[in-house]
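Chemist: Sequence:
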Amino acid sequence: LLGQHQGESADSPILDPCLPADLQDEVGPQDQRVHLRGTGDFDRCRLLLQPFLNRTNDTNTSLNGVYQPPIDFTNSQFYGFSEFYYCTEDVLRMGGDYNSTKYSNAAK
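Per the UniProt record's numbering, residue 1 is the first one in the sequence shown, and the count goes up by one each step.
Please keep in mind that the hints were generated in silico from the structure rather than gathered at the bench.
Predicted model only: the values in this text are computed from it and were never measured.
Note that CB positions come from ideal geometry on N, CA and C, so glycine has one too.
Careful, some of the hints might be misleading.
Said to hold, decoys possible - Pairwise CB distance ranges (calculated):
{"hint": "1", "residue 1": "S12", "residue 2": "G40", "range": "12 to 22 angstroms"}
{"hint": "2", "residue 1": "S9", "residue 2": "F73", "range": "25 to 35 angstroms"}
{"hint": "3", "residue 1": "P70", "residue 2": "T101", "range": "28 to 38 angstroms"}
{"hint": "4", "residue 1": "Q50", "residue 2": "C87", "range": "14 to 24 angstroms"}
{"hint": "5", "residue 1": "P20", "residue 2": "Q50", "range": "17 to 27 angstroms"}
Starting from the given sequences, assemble the full structure and let the hints guide the process.
Modeler: Right, dumping it as C-alpha cells:
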C-alpha cells in the first residue's frame, strides 16, 4: 500500500459514512474510477450532509450557497417524485408522516 493514494484501488478505498457498512462501490468515469467502502456511520453522514440542507436559507440557494434560478412555470412542466416516502416505507417500514427523530433512529 506504500505509495498508493486513497481511493485509487479496492485495497485503499475512500471510507464513505453514507454507504452501508462494508458495501464496496466504484464511481466516476472509466479512466478515473474511485473506490469507496461504506462505514454505515449515520451520525457522521448526517454531519457531512447537513451543510447542504440548510433549511433556514432565505435566498435562491436551495443547496446552501449554490444559486438556483427561479423556475418560470408558465413555460415549464413540473414533475414531483416521492422517493423519500417510498424509501422510508419500503426500506425502513415506517410509512406515515415524516418524523426526523423516528427516521434517524430507524436509519441507524
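Chemist: If a hint holds in the structure, say so; if it does not, say that too.
Modeler: Here is how each hint holds up against the structure:
no.	hint	verdict
1	S12 - G40: 12 to 22 angstroms	19 angstroms, holds
2	S9 - F73: 25 to 35 angstroms	48 angstroms, violated
3	P70 - T101: 28 to 38 angstroms	34 angstroms, holds
4	Q50 - C87: 14 to 24 angstroms	19 angstroms, holds
5	P20 - Q50: 17 to 27 angstroms	20 angstroms, holds
Comparing the model with each numbered hint stated earlier shows that hint 2 is the single one that does not hold.
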